[in-house]
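Here is what each chain is made of, one letter per residue.
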Amino acid sequence: MAPIVLRFFTDFFVYETTKSVVVKSWSVGIINRVVQLLIILYFICWVFLHEKAYQVRDTGIESAVMTKVKGLGSYPSRVMDVADYVAPPQGSSAFSIITKLIVTDNQTQGRCPETDDTFTCTTDDDCMNITGSHLGNGIVTGTCLINNSSNITNTKGQCEIQGWCPAENDQVNVSVMEGVENFTIFIKNSVRFPLFNVTRGNFPSSINKSYITHCNHDPIHHPFCPIFKVGDILKLMNQNLSKIASKGGEIGINIGWKCDLDHSVDMCNPQYTFTRLDAVFEQSSVSKGYNFRFAKYFQSPGGTEYRKLHKAYAIRFEIIVSGNAGKFSAVPFLINLVAAFTSVGLASVFCDIILLNFLQGAEQYKAKKFEEVSSVQTVSEKKTLPGQPKVNQSDGKEL
Amino acid sequence: MAPIVLRFFTDFFVYETTKSVVVKSWSVGIINRVVQLLIILYFICWVFLHEKAYQVRDTGIESAVMTKVKGLGSYPSRVMDVADYVAPPQGSSAFSIITKLIVTDNQTQGRCPETDDTFTCTTDDDCMNITGSHLGNGIVTGTCLINNSSNITNTKGQCEIQGWCPAENDQVNVSVMEGVENFTIFIKNSVRFPLFNVTRGNFPSSINKSYITHCNHDPIHHPFCPIFKVGDILKLMNQNLSKIASKGGEIGINIGWKCDLDHSVDMCNPQYTFTRLDAVFEQSSVSKGYNFRFAKYFQSPGGTEYRKLHKAYAIRFEIIVSGNAGKFSAVPFLINLVAAFTSVGLASVFCDIILLNFLQGAEQYKAKKFEEVSSVQTVSEKKTLPGQPKVNQSDGKEL
Amino acid sequence: MAPIVLRFFTDFFVYETTKSVVVKSWSVGIINRVVQLLIILYFICWVFLHEKAYQVRDTGIESAVMTKVKGLGSYPSRVMDVADYVAPPQGSSAFSIITKLIVTDNQTQGRCPETDDTFTCTTDDDCMNITGSHLGNGIVTGTCLINNSSNITNTKGQCEIQGWCPAENDQVNVSVMEGVENFTIFIKNSVRFPLFNVTRGNFPSSINKSYITHCNHDPIHHPFCPIFKVGDILKLMNQNLSKIASKGGEIGINIGWKCDLDHSVDMCNPQYTFTRLDAVFEQSSVSKGYNFRFAKYFQSPGGTEYRKLHKAYAIRFEIIVSGNAGKFSAVPFLINLVAAFTSVGLASVFCDIILLNFLQGAEQYKAKKFEEVSSVQTVSEKKTLPGQPKVNQSDGKEL
Numbered sequence: 000m001a002p003i004v005l006r007f008f009t010d011f012f013v014y015e016t017t018k019s020v021v022v023k024s025w026s027v028g029i030i031n032r033v034v035q036l037l038i039i040l041y042f043i044c045w046v047f048l049h050e051k052a053y054q055v056r057d058t059g060i061e062s063a064v065m066t067k068v069k070g071l072g073s074y075p076s077r078v079m080d081v082a083d084y085v086a087p088p089q090g091s092s093a094f095s096i097i098t099k100l101i102v103t104d105n106q107t108q109g110r111c112p113e114t115d116d117t118f119t120c121t122t123d124d125d126c127m128n129i130t131g132s133h134l135g136n137g138i139v140t141g142t143c144l145i146n147n148s149s150n151i152t153n154t155k156g157q158c159e160i161q162g163w164c165p166a167e168n169d170q171v172n173v174s175v176m177e178g179v180e181n182f183t184i185f186i187k188n189s190v191r192f193p194l195f196n197v198t199r200g201n202f203p204s205s206i207n208k209s210y211i212t213h214c215n216h217d218p219i220h221h222p223f224c225p226i227f228k229v230g231d232i233l234k235l236m237n238q239n240l241s242k243i244a245s246k247g248g249e250i251g252i253n254i255g256w257k258c259d260l261d262h263s264v265d266m267c268n269p270q271y272t273f274t275r276l277d278a279v280f281e282q283s284s285v286s287k288g289y290n291f292r293f294a295k296y297f298q299s300p301g302g303t304e305y306r307k308l309h310k311a312y313a314i315r316f317e318i319i320v321s322g323n324a325g326k327f328s329a330v331p332f333l334i335n336l337v338a339a340f341t342s343v344g345l346a347s348v349f350c351d352i353i354l355l356n357f358l359q360g361a362e363q364y365k366a367k368k369f370e371e372v373s374s375v376q377t378v379s380e381k382k383t384l385p386g387q388p389k390v391n392q393s394d395g396k397e398l
Numbered sequence: 000m001a002p003i004v005l006r007f008f009t010d011f012f013v014y015e016t017t018k019s020v021v022v023k024s025w026s027v028g029i030i031n032r033v034v035q036l037l038i039i040l041y042f043i044c045w046v047f048l049h050e051k052a053y054q055v056r057d058t059g060i061e062s063a064v065m066t067k068v069k070g071l072g073s074y075p076s077r078v079m080d081v082a083d084y085v086a087p088p089q090g091s092s093a094f095s096i097i098t099k100l101i102v103t104d105n106q107t108q109g110r111c112p113e114t115d116d117t118f119t120c121t122t123d124d125d126c127m128n129i130t131g132s133h134l135g136n137g138i139v140t141g142t143c144l145i146n147n148s149s150n151i152t153n154t155k156g157q158c159e160i161q162g163w164c165p166a167e168n169d170q171v172n173v174s175v176m177e178g179v180e181n182f183t184i185f186i187k188n189s190v191r192f193p194l195f196n197v198t199r200g201n202f203p204s205s206i207n208k209s210y211i212t213h214c215n216h217d218p219i220h221h222p223f224c225p226i227f228k229v230g231d232i233l234k235l236m237n238q239n240l241s242k243i244a245s246k247g248g249e250i251g252i253n254i255g256w257k258c259d260l261d262h263s264v265d266m267c268n269p270q271y272t273f274t275r276l277d278a279v280f281e282q283s284s285v286s287k288g289y290n291f292r293f294a295k296y297f298q299s300p301g302g303t304e305y306r307k308l309h310k311a312y313a314i315r316f317e318i319i320v321s322g323n324a325g326k327f328s329a330v331p332f333l334i335n336l337v338a339a340f341t342s343v344g345l346a347s348v349f350c351d352i353i354l355l356n357f358l359q360g361a362e363q364y365k366a367k368k369f370e371e372v373s374s375v376q377t378v379s380e381k382k383t384l385p386g387q388p389k390v391n392q393s394d395g396k397e398l
Numbered sequence: 000m001a002p003i004v005l006r007f008f009t010d011f012f013v014y015e016t017t018k019s020v021v022v023k024s025w026s027v028g029i030i031n032r033v034v035q036l037l038i039i040l041y042f043i044c045w046v047f048l049h050e051k052a053y054q055v056r057d058t059g060i061e062s063a064v065m066t067k068v069k070g071l072g073s074y075p076s077r078v079m080d081v082a083d084y085v086a087p088p089q090g091s092s093a094f095s096i097i098t099k100l101i102v103t104d105n106q107t108q109g110r111c112p113e114t115d116d117t118f119t120c121t122t123d124d125d126c127m128n129i130t131g132s133h134l135g136n137g138i139v140t141g142t143c144l145i146n147n148s149s150n151i152t153n154t155k156g157q158c159e160i161q162g163w164c165p166a167e168n169d170q171v172n173v174s175v176m177e178g179v180e181n182f183t184i185f186i187k188n189s190v191r192f193p194l195f196n197v198t199r200g201n202f203p204s205s206i207n208k209s210y211i212t213h214c215n216h217d218p219i220h221h222p223f224c225p226i227f228k229v230g231d232i233l234k235l236m237n238q239n240l241s242k243i244a245s246k247g248g249e250i251g252i253n254i255g256w257k258c259d260l261d262h263s264v265d266m267c268n269p270q271y272t273f274t275r276l277d278a279v280f281e282q283s284s285v286s287k288g289y290n291f292r293f294a295k296y297f298q299s300p301g302g303t304e305y306r307k308l309h310k311a312y313a314i315r316f317e318i319i320v321s322g323n324a325g326k327f328s329a330v331p332f333l334i335n336l337v338a339a340f341t342s343v344g345l346a347s348v349f350c351d352i353i354l355l356n357f358l359q360g361a362e363q364y365k366a367k368k369f370e371e372v373s374s375v376q377t378v379s380e381k382k383t384l385p386g387q388p389k390v391n392q393s394d395g396k397e398l
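Line by line, the protein sequences are chains C, U and S. Using numbering that gives the first Met the number 0, the first residue of the first sequence is number 0, and each one after it goes up by one. Using numbering that gives the first Met the number 0, the first residue of the second sequence is number 0, and each one after it goes up by one. Using numbering that gives the first Met the number 0, the first residue of the third sequence is number 0, and each one after it goes up by one.
Mixed in with the good hints there might be a few duds.
Identical copies look the same in the list; a pair holds intra-copy or inter-copy alike.
Heads up, simulated PhoX-like pairs for lysine-lysine below, C-alpha to C-alpha not over 25 Å straight-line [stated by the list, open to error]:
#1 Lys257 / Lys69
#2 Lys242 / Lys67
#3 Lys99 / Lys69
#4 Lys208 / Lys242
#5 Lys208 / Lys99
In case anyone wonders, no lab produced these hints; they're calculated from the structure.
Take the sequences, apply the hints, and build the full model.
Structure (structure tokens):
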């Protein structure tokens, strides 16, 4: 039995390698090396240095954002502070600064004329037709209210609605809150790259209190100051404050973390960019700007509930955090190294085409490269088979 | 020195290519070409046409969502508008439409009996045992309050609590707000693919005001209308309005942006799908539906604070935006082209197995394909080594 | 024409395979097999078993989170319930539990002295200099108010501001709400992997009502209980309740779904981890903790609006959901199988280096592996070219 086992091992532990043809030709040799050089350069410069393919990447960051707005807005008769104009007040990553308010005071449940022009009527029938409309301030009762007081006989009236009365009239002109450009937004953002267990904050802990109470973010001079002046943000985006304050709008503050953790973690700092999120709807004929309605509810000493309805035009800020960190890892490094090595071998595909088709002496190279064997015959029969072409024959031995 | 340099260059600029055996066999030739064809077809049809592997993809979209609900809900005695039933009012991507309210009026800080059945008692000891319970409406004081008024002597009472009094009784039957099926949700969604710097809105800017005031989204007839009727959404999901309005629930509106930016950017439009987000808890015996508590605070002229507690059953909507855009890029195109070319070469692995094992004349092919060289001997010694098998010898020269 | 077509087909359906040199050497044969074994082991153990590269992965989950806080907090004089201390009340994935409140009562629009120390003054000029400051509670009018009442003549006063009066003094010491450690957070989280259309909830539907009313999450004993005691969370994070309750803070509850959908879907369960999100700012000298301001608005019977300003210190909770599910798919399986096969071939690169350089008889192997052909000459001319080295000649025929 021993010889069989030996034979098996002798057969198993053989090493099989491809037989190669070495072509001593300057032209194809230079082409070969140049192509190989290009492939190596591509891998070194693009894949390894630019794309950092030797790193494992983490883009699934955990991010926490806290914001705090400061500043005083003023109307002719009153001063608004943070508790008045920031909604919601919790300092989350999305918040609105209310810049214009249309207030409808002392609303109670009842019946009253609708204010909107589309609800004008001359007879009750006009109003019966639009019962069930959901675009007004209340449910249309079907009665046309014509105000005949003050000696003038109107022929036009307004349909009566049931709901909160008096109905809101949002066509009035109201002034915009002043001082918004001086408001500051303080952003506290901490991110964690779970893959590397690296946690970073958006300002260094070395920053001192006096700096932070006086600094304003500036992309060039104060890139790490976490306090943003609304006016500066709008200027960086080429937006007009009075327009956005009057119509409302949405602004995105993008915090981009692009970190190479092979370097010091202290160099992992955020980059801030600003975009007008509703820019794509600017050209639209409908629904420009941003507004929402909310109410404050009161109760009279008698127990009747009444409310103050607010239509608020606001600038909405959204803090959008994205992260992308990379760190050296053996697995992607090896994979790309192997890919580089195998790709270098691809030069020969290109050179083979040149060698076997376009080079002087191509037939000779073909004869050397290809060795022919015909099928289904034994070696002795082979030479006499008539149907087989003998063009590619390579060995003198067979002739 | 010149000859050495020349020799070095002569050696360096050689081109090395594999020596090939050309097998003129119909069977293996056809198998080879068929396998190659299958591999090419796989790459063309699946990798390139279906998976669009020649594109670089961007899934990390920046998205901004603004919502606006319209509609009037009605209770027997009162009409509710947006400011009443939408929470939070800011029109963010997640909002609730309150459909049922259990109101507890005129609560003040004090002591009163608990309402829940689990707090029934006959003696103070019953209540002492559950001091520290956090499931009631207030802190259990340890006193059992037995209502003996009205001539009937009760033996059962309720434990006294300290907190907001009177305690809420959420077991009462209250009616559901009517009209929810006619509410409309207007969604303004802008997305940006940062990699391609392409920004899109969820409705074309060409859409006109009269269309938008009258259209309702419909997957077939009005796929780009950004206004969604609550009743339509529920119908598309096969949900029952009265059930969801009474218990509360969570609905996801998915906006999927799947864009091929090699085509016109105008064809990059969103697709809307709707899911019941809490569907997985439907079978659960606990915590069906969705509700939350909030209070409105009032102050009496004397300065006492009192509040109106609301247990709100609501339909919560969440707008979930996902994006996936692709655009031709040289790098993935080249990588996949190279992968395709090298994969075609894999056909030979399969064909070699057939050729060398299952084909008639396999021994002859083996002899042609493999050329043997034994180890550790010089050329002259080789022929006399006894331990080496001579099966695979390939050249007549060596015999 | 028939013979030409036949010839074309004969030429097309040939099979071309590399000619191989079989080296019968124990050393290089063993090295070859060992390297191949290592590569195969790497693919089986790491790529297939550990990294599960045969699966297609879905990380873009759709997640819906609903939270509900329960518990009663107590101040010396009053009891707070959920409607009082949770903000916003809607039970979304981010919410704050207010633990400390600095209340400024009965604020109306008017003029009054600023409270902060930085606004002390002796003359009006001191106040004129800081007109326009946005850090106070109102707009500095430029008047210095010196309180000379009560027989004592002060030389120090406070600048007058216009705004909500009296101004808030947030330097007062107020007590922290008690009972926070016993609050429970109920989390309902449903996730959907859109690629596989698999939906999962964070607790099994088999869970019964009595279990859920009594269980508290515990990583070891109750890993699927969806109710988290605040005290337990803080203990797991080694945080001090009284410190976080007094200064405020941010806590992240991470729900990680790592699912292998090749196994039963019932084994796809969440893992909960807790992090202090603002940990990175702990060392910072500025802006520790978390607080925000909000106001409750009232109206006196006469119609004057007044408000109650709250500076709320709170623990903010953010539920962060991440998902990663994998399932067998033919495409990645085939791609990695092909990669494994081609990588096994890389063993020969390594062995070739050994064979041709370091092994005894390397010259002999070289002669067998490389067959030389020189350029630009016909076969007959080749032998007489003087400049070409004849070292690598491989065939006896040419000598």
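Hint by hint, here is what the structure shows:
| no. | hint | in the structure |
| --- | --- | --- |
| 1 | Lys257 / Lys69 | neither (29 Å within a copy, 40 Å between copies) |
| 2 | Lys242 / Lys67 | both (24 Å within a copy, 21 Å between copies) |
| 3 | Lys99 / Lys69 | both (17 Å within a copy, 21 Å between copies) |
| 4 | Lys208 / Lys242 | between (35 Å within a copy, 21 Å between copies) |
| 5 | Lys208 / Lys99 | between (33 Å within a copy, 24 Å between copies) |
In terms of the numbered hints stated before, the structure departs from hint 1 and from no other.
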